[in-house]
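Enquirer: In case you want the letters, here they are:
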Amino acid sequence: MAMVCMTVNGNPASGEVEGRTLLVEFLREGLGLTGTHVGCDTSQCGACVVHLDGAAVKACTVFALDCEGAEVRTIEGMANPDGTLGPIQQAFQDHHGLQCGFCTPGMVMSAAALLAETPKPSEAEVRTYLEGNICRCTGYHNIVKAILAASGQDVAAAAAE
Amino acid sequence: MERPKTLAEALEALSRDGAQALGGGQTLIPTLKQRLAAPSVLVSLSGIDEIKGATVADGTLAVGGGTTHAAVAREAAKAYPALAWLAGHIGDPAVRNRGTIGGSLANNDPSACYPAAVLASGATVVTNAREIAADAFFDGMFTTALEEAEIITAVRFQVPERAAYAKFPQPASRFALTGVFVAKYADEVRVAVTGASEDGVFRWAEAEAALTARFAPGSVDGLSVAARGMIGDLHGTPEYRAHLVKVMTRRAVEAAD
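Residue numbers (this note's numbering), protein chains in the order written: chain Y, 1 to 161; chain C, 1 to 257.
Honestly, I wouldn't trust all of these hints.
A few chain C residues that don't get close to chain Y, going by computed Cβ distances all over 10 angstroms [said to hold, decoys possible]:
| no. | residue |
| --- | --- |
| 1 | L11 |
| 2 | G91 |
| 3 | D92 |
| 4 | A94 |
| 5 | Q158 |
| 6 | R162 |
| 7 | A186 |
| 8 | D233 |
Per label pair, the in silico range of CB-to-CB distance [unchecked claim]:
| no. | chain 1 | residue 1 | chain 2 | residue 2 | range |
| --- | --- | --- | --- | --- | --- |
| 9 | C | R162 | Y | D94 | 45 to 51 angstroms |
| 10 | Y | G10 | C | A37 | 35 to 41 angstroms |
| 11 | C | E148 | Y | D94 | 53 to 59 angstroms |
| 12 | C | A37 | Y | A116 | 32 to 38 angstroms |
| 13 | C | P39 | Y | R136 | 33 to 39 angstroms |
| 14 | Y | M3 | C | A209 | 19 to 25 angstroms |
| 15 | Y | D154 | C | V41 | 50 to 56 angstroms |
| 16 | Y | A79 | C | A133 | 52 to 58 angstroms |
| 17 | C | E50 | Y | A116 | 55 to 61 angstroms |
| 18 | C | A209 | Y | D94 | 56 to 62 angstroms |
| 19 | C | K33 | Y | P87 | 33 to 39 angstroms |
Note that these hints are calculated values from the structure, not bench results. A virtual CB, placed ideally from N, CA and C, is assigned to each residue, including glycine.
Chain C extracted, bound-state conformation:
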C-alpha cells in the first residue's frame, strides 16, 4: 500500500500497473475480502488533505473528493441541507466516518445515495484531468466516465432553490432500495432515481417535466413508471421498485425546502 500526501504523488503511484485507488474503503475493502478484486498496489487517498472539505462561493458548493460522508453532513448543512441530509443517512455512523463522496461516485453502486444527488443537481465532477458534467459521468451499474488512474478531486454543486432526498432504505445493507433526489432550479426541476434501475442512477424525465410545470406532490400522481429494466431481487420485485420510484418522488417533493 502507498499512502501519498499529495495529489501529484497519488497520480504517480496510480500510474503503476495494477494500482488501484482506495478512498475510505467502505466498499473496496469488503470487495477485496470477497476476492472480487485483486489489485497489486493500493494507493490510499485518505492522507491527501488538499481533496478534503467543503467550501461555498456564489451559490456553488464545492466538496473535495476525499471528504467523508460525516464531514459533508456537518459542513454542507447550511449551504445545501438536502445534500447534508443524504450524506448523514448513508450506511451508519462508523461507515460515514470513513466513506468518501469521491469513492462513492467512482464506484457508482446502483443503490448508492450520492449519485442521485449529483445527477439531480446537475453537478460537475472535477478530476485531476478535467471536469465532467453529471449527465455524462454515470455510465450504468458500477461504470463511470472515469479513466484509469483518474482521481475525483472535487464535486461542484449549484445549490438549488428547493431540494430533498427521499430514501427507502434496505435495512440490512443500509443502501437505498429506492431513493429519489428532487432539485428545483429557477428554470427546471431535476429528478434522479437510485436503487431502482438495472442501469444504475437515472433521471425520470416525465416527472421532471410535470414538476417543472407545477412543483407540487400531486404533479406526479398521473405518471407511472415501467417495471421493465428495474432491479428484481429478494428485497423487491421490479414492479415494487417502479412503484417506489413514484412514491419516493412524491415524498421528496413534499419534503423539499
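Pulled out of the complex, with its shape left as it was, chain Y reads as follows:
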C-alpha cells in the first residue's frame, strides 16, 4: 500500500492504495464519488471518463498512483456551485440526452473536454469525438443535440433524424 494525493474537483484528496488500484476504484471506493461509472472495464465504453490535468481519460485504464499530484475532475465537479445542473448537464436533460443514464457521466465529461478544445463543434466533430463513448439507449442523436445546444448552437437543424 502507498499513499496517493491528488486534487479532485478542487479539493485535496488522499488515501492508501495498492499499486494495482485504478483511478476509478480510488474515486468510487476510496473517495465515495460513485458518479464515475465502470461500464466495460476494458477502456472501450467511456462510462468512466474523467479529466486528468484537463484531458479526458478513461479512469479504468489509469493507475491511481500515476495520478499523484494531479488535478482530477469528475462528474460531481460539473454541477454549478449552488448544486444545480451545470450547462452541459442541463442540456442533456433538456434534449433527452439520456435514458438509463449509465453512460451519461462519461458522455458529459467527454463533451466538456470537446467544448474546451472546440467551443463550437460541428455535428460531425461531436460524433467523431464521442467515438470512445458507447450508449446503448439513445442512439446518440439526442446526446449530439445536447452537446450542440450546450455549445450555444441552434439544434433545430442538427441531428433531426
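Since chain Y is already given, all that's left is putting chain C on it; use the hints.
Expert: Frame of chain Y, contents of chain C only:
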C-alpha cells in the same frame, strides 16, 4: 509501482528483476487485467518530462518516446501532417490523451498504427542505449529489437516530400484492420503495411518499386498481394486483408500531399 522523474531513475528501477516499464498503459493495463502479464514492479514513465514533446530541426522531426498521441497530433501537425493525422486517429480521444508513441512501438501490436509510420518513414528509434533503424526494429508480432530494460527516448523522422496514412479501422477495437503508410522521398518511395500480416508491420516492396518509378495511384493497379501469411479472424479473411493492402495503398497515394 515506481514513478521516476528522470530517465536515469527509470533505468535504475527497471534493472530490478521482474520490473516492467509502463507508458500510457492503454495496452498494458488491459493486459494486466487479463492476467496476461504479471510484473512484480511497474515503472511508470509518465512523470519523465525529458522524453516528452516534439521538435523540428533541418527537416527532421524528433518525437519524445513519452509523447502522447494527442500531443503528436497537435505538435506535429505542421511539420509532418500525415504523422499527425495518424496519431489523431488512434483509438479514441481519451486513449490518445494517455497512450504514447514509445509505448506503442515497444509493444509492436500487429494492428497498431505507429509502426507503419515509423517503418515507412525509415525513422530512427532512439533508446537510452543506442539508435535503431526502423528496418531493424520491428521483429514480428509483439516483438522488437529492444532489450530488457531499454527505454525508447525518442523517434526521429526524416520528413518526406509527400506522405499519407490510409486506415481501414476495425470499429470495435479502433485498431487498423489494415493500414498503409506511404512516404515519398526524393530518391525512393516507402510503403509500410500494418494490421494485415501475421508477422506484423511490413514493407510492400513491389509497391515501393512501382511508386518510385511513378508516384500515382494507378501504379499499384497491376500488383497483387498474396493472401498467404495474412491475418484471418472474424473481422476478415486473409484474402480480404490482402485485397485491402492494395486498396489502402492506392488511397494513401491519392491522399498524399
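Enquirer: Confirm or reject each hint.
Expert: Cross-check of the supplied hints:
1. Annotated as non-interface, L11(C) keeps its C-beta farther than 10 angstroms from every C-beta of chain Y; the closest such distance is 19 angstroms.
2. Consistency note on G91(C): stated as away from chain Y, yet its beta-carbon is not over 10 angstroms from all of that chain's, at 7 angstroms minimum.
3. Interface exclusion of D92(C) from chain Y breaks down, the closest Cβ pair being 3 angstroms apart, not more than 10 angstroms.
4. Consistency note on A94(C): stated as away from chain Y, yet its beta-carbon is not over 10 angstroms from all of that chain's, at 5 angstroms minimum.
5. At roughly 30 angstroms, the least C-beta separation between Q158(C) and chain Y is larger than 10 angstroms, which holds for a residue marked as non-interface.
6. Here R162(C) stays apart from chain Y, with its beta-carbon at least about 25 angstroms from theirs, past the 10 angstroms limit.
7. Residue-level check passed: A186(C) sits 35 angstroms from the nearest beta carbon of chain Y, beyond 10 angstroms.
8. Every C-beta of chain Y lies more than 10 angstroms from that of D233(C), the closest at about 17 angstroms, which supports listing it as non-interface.
9. For the pair R162(C) and D94(Y), the beta carbons lie near 47 angstroms from each other, so the given range of 45 to 51 angstroms is met.
10. Taking the beta carbon of each, G10(Y) and A37(C) are about 36 angstroms apart, inside 35 to 41 angstroms as hinted.
11. Judged by the Cβ atoms, the range 53 to 59 angstroms given for E148(C) and D94(Y) holds: they are separated by roughly 56 angstroms.
12. Separation of A37(C) from A116(Y) is about 35 angstroms and conforms to the stated range, judged on CB atoms against 32 to 38 angstroms.
13. The hinted window of 33 to 39 angstroms between P39(C) and R136(Y) holds, with their beta carbons roughly 35 angstroms apart.
14. In this structure, M3(Y) and A209(C) break the distance hint of 19 to 25 angstroms, their C-beta atoms being roughly 60 angstroms apart.
15. Here the CB-CB span from D154(Y) to V41(C) is close to 54 angstroms, well matched to the stated 50 to 56 angstroms.
16. The beta-carbon spacing between A79(Y) and A133(C), approximately 54 angstroms, falls within the hinted interval of 52 to 58 angstroms.
17. A C-beta distance of roughly 28 angstroms is found between E50(C) and A116(Y), which places it outside the suggested range of 55 to 61 angstroms.
18. Taking 56 to 62 angstroms as the suggested C-beta distance range, the pair A209(C) and D94(Y) conforms, at roughly 60 angstroms.
19. Restraint check, K33(C) to P87(Y): a C-beta distance of roughly 35 angstroms satisfies the suggested window 33 to 39 angstroms.
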